[in-house]
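K.L.:
Starting from the structure of chain A, add chain B where the hints point.
So the protein sequences, as listed, match chains A and B.
Its first residue numbered 1, the first sequence is counted upward by one per residue in this note's numbering.
Its first residue numbered 1, the second sequence is counted upward by one per residue in this note's numbering.
Mixed in with the good hints there might be a few duds.
Partial selection, computed: residues in chain B whose CB lies under 10 Å from chain A [said to hold, decoys possible]:
1. E11
2. K12
3. L25
4. Y37
It is worth saying that the hints were derived from the structure and are not from the lab.
No experiment lies behind these values; they were computed from the predicted model shown.
All residues carry an ideal CB built from backbone N, CA and C; glycine is no exception.
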Amino acid sequence: MVRKKEFEKFYQDNIDKIYRFVFFRVNKDKELAEDLVSEIFMKALEHFESYDKKISASAWLYTIAKNHIANHWRDKKDVESLPELDVSDDEDGVGLEDRWFNTAMAKFKQASDKSMLYDVLSKLDFEDRQIVTFHYLFGYNYSEIGQMIGKGESAIKVAAHRAIKKLKKLL
Amino acid sequence: MKLVNYKLWKEKKAIEPSRAFRSALWKKLDSAWQDAYQPRVFWYQMPVLRYSMVALAVLIVVGSSGVGAYAYNSLEVTEGTRLYGIKRAIERVEEKVVERRKPEVQARFYLKQIERREAEEKVMVKRGRVAEQIQKVEEKIERTEKRLEMINVKLDETSEKIKDDVLKERIDKRLEIMEIKREKLKNKEINRVKSASPADHAASNLNLNQEPYEESNTSTGTGDVVGDNDAGAGRETRRQGETKERRASDTDADTE
Numbered sequence: 001m002v003r004k005k006e007f008e009k010f011y012q013d014n015i016d017k018i019y020r021f022v023f024f025r026v027n028k029d030k031e032l033a034e035d036l037v038s039e040i041f042m043k044a045l046e047h048f049e050s051y052d053k054k055i056s057a058s059a060w061l062y063t064i065a066k067n068h069i070a071n072h073w074r075d076k077k078d079v080e081s082l083p084e085l086d087v088s089d090d091e092d093g094v095g096l097e098d099r100w101f102n103t104a105m106a107k108f109k110q111a112s113d114k115s116m117l118y119d120v121l122s123k124l125d126f127e128d129r130q131i132v133t134f135h136y137l138f139g140y141n142y143s144e145i146g147q148m149i150g151k152g153e154s155a156i157k158v159a160a161h162r163a164i165k166k167l168k169k170l171l
Numbered sequence: 001m002k003l004v005n006y007k008l009w010k011e012k013k014a015i016e017p018s019r020a021f022r023s024a025l026w027k028k029l030d031s032a033w034q035d036a037y038q039p040r041v042f043w044y045q046m047p048v049l050r051y052s053m054v055a056l057a058v059l060i061v062v063g064s065s066g067v068g069a070y071a072y073n074s075l076e077v078t079e080g081t082r083l084y085g086i087k088r089a090i091e092r093v094e095e096k097v098v099e100r101r102k103p104e105v106q107a108r109f110y111l112k113q114i115e116r117r118e119a120e121e122k123v124m125v126k127r128g129r130v131a132e133q134i135q136k137v138e139e140k141i142e143r144t145e146k147r148l149e150m151i152n153v154k155l156d157e158t159s160e161k162i163k164d165d166v167l168k169e170r171i172d173k174r175l176e177i178m179e180i181k182r183e184k185l186k187n188k189e190i191n192r193v194k195s196a197s198p199a200d201h202a203a204s205n206l207n208l209n210q211e212p213y214e215e216s217n218t219s220t221g222t223g224d225v226v227g228d229n230d231a232g233a234g235r236e237t238r239r240q241g242e243t244k245e246r247r248a249s250d251t252d253a254d255t256e
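Bound-form chain B, shown alone:
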C-alpha cells in the first residue's frame, strides 16, 4: 500500500505549476480584481482619508483599552491564552491598513509578524504548551511566509528598487529559511516512505485514510479521518517530533 501511495504521490509532485506561473497568474488576477471590485464610494477613493479612518479606529481600540495595549505588546499573550483573540484582532486591523500600502511596507509588516509568532512559539515551548497549539502557531508562520513570498515577487517586479538594503537582506534570509524548511520536510517524507517497515505496512492498512505524502492543504480537511486510536497517537507523537526538529532547524538557520 505504501509503495502504491508513494508512486502516486511522486507522480502528483511531478505535475505542479511552476512558482513563476503561480505568482504571475496571481498578479494578473489581482489587477483584474482591482478593476472589477474596487469600491467606488468617494471617500474610499481618497487614500489619505481611507487610511486615516482605519488608523483612527486602531488608535481608538488600542488606546482606549489598556487590556488591548497589553495584549498587543506582550509576548506572554500566546495561542491558547484568553487575550490572544484581542491580540489577533488588533493585528488583523493593522494588516488591513498595511494591505493598501506599498509592498515594501507590507514586507516589513509580515517580517514583524513572523518574528512575533516565533517569539510566541518560544514562550509556548518554554511553558510546555500542547503540541497542537504550537502547531497552530507554526501554521500561522507558514501562512505569513507565503504572503511574504508573494510580496517579494511584487517587489522584484516593481521598477523602483528597494532602498533599504537591510530589509532586502532580511526578506532573502527569511525566504531562504522557508525553502530549507520545505526541502527538509519533503526529504523527510521521502525517507520515511522508503524506510517503512512491514509493521508500518500493516498499520497503513488499518489507517486507510491517512495521507502522509500530501502537503498540508486547508481545503482537504473534510475527507480525511483518523483510522484508529493507535494510529492517531502515533501521528501525534510524530508531529511533536517534527515540531521539535523544525524548531531546531529554524534556530540553526537563525544562528547562521
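In isolation and in its complexed conformation, chain A is listed as follows:
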C-alpha cells in the first residue's frame, strides 16, 4: 500500500522542480503549467505503488511529465505551438523530441529583455545548456540529471562546471 507520508515527501521534493520544468516547457503559460502539473501528479499518484525505487523519483516524475506534455501537444494539435517547427534543421545531434528545449530558450530570450541570461545560455552547446538549465534553473541534482539523460553523475558535474566557466566568460 502506498504510504501517504512517502507520497507527501515525494510531492514536496518535486513540486518546485517539475513546475519549473513544465513552466519552461509551455513558454511561461502559468495557467497551462498549473493544469499540466496537477495532471502529472495525479498520474504519479496512480502509479506510485508500482514505480521502481531503484531509479530516482525525480527522474521518474520527469519522464511522466515529458510524456504527458508530448501527449498534450499531440491532443491539442496546436501546430503553431509544436516546438520542433520553430527550430532550424542545422542542429546536429539534437533529437526531434529535445528540440522543444531550444524553442523554449528562444521564447524566454525574447520575453526577458532585462536579462542577458538566456541570450548567453543560448550560446552554449545543447548538452551544456540542458545541464545548466536542469541543475541551476529547475533545481535537479547531478545524479538526477545523470539518470534523465543517461550519463554518470561525475560526468554531469564536470560538464556543469565547464559550462558555468563558459557562461562566466560570455557574461
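P.N.:
Only chain B this time, still in chain A's reference frame:
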C-alpha cells in the same frame, strides 16, 4: 562565477509555483489518495476502534516503561542523547494517532512539537552541543512548521470556524515567525552574494559544487560534495553563525 550563479538563482526563484497552487494541489492529491488507498479492512473503517487500538499501544509503550515515560517528558533528552530515539519513536506513534483526527487537533499537536523542539534546542545551546546537532533540531522545527502551514490551509478551508481563538492566534503567530525567518534567510543570501569579494570569487572556483543560493532540499543530497577542507570549514563556521542569528531572531519574535 558568483555573478553567473546569482543570475541563475534569481531566475530560478522567479519561476516558482504559488503557495495557493501548491496547497490546492496537495489537497486534491490528498483526497485522491484517500479514495485510492484507504485501507478497506473492517476494523480500520471504524474510527473509534482504530484510535483506541493505537492509543492502547501508545499507553502500553509509555506506561510499561519508566524509561519511555522519562524520555518522552524530559527536556534533557535531546538530539544526540541515548534516549532521544525512544522519545522520537513515541512522538511518531502520537503523530500517527493525531494524523487521523481533525485539523484543529493536528495543529495543536504540531504547535506542541515545535515548542518541544525549541525547548530542546535551548538546552542544547546551554550545554554547548555541536552545531550539527542543533542544525538537525532546526530542520525538524522547519519540517513541523511546513506541516502546520498545510494544516492551517485546511483549517481556513473548512466550513467550521475554529472555536479556539487562542489556538488561531498561536498558529498565526508561528506562521508569521516562519515567514520572517524565510525572508531573513533569503535577504541574507542575496546580500552575501552581492557583497562577495574577489577573494570569495577565487574560493568559489575551488569549491565548484557549493550551491549557496539553493534552498535546502532533501532530494539534492547526492549531487553536492564539498570542494576542499578550507571551504568546508568556512561553511561550517557560517552555518554556526547563521544558527546563532536565527536563534536570536526567533527569540526576538517570541518576545514580540
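K.L.:
Determine which of the earlier numbered hints do not hold for this structure and return their numbers in increasing order.
P.N.:
none
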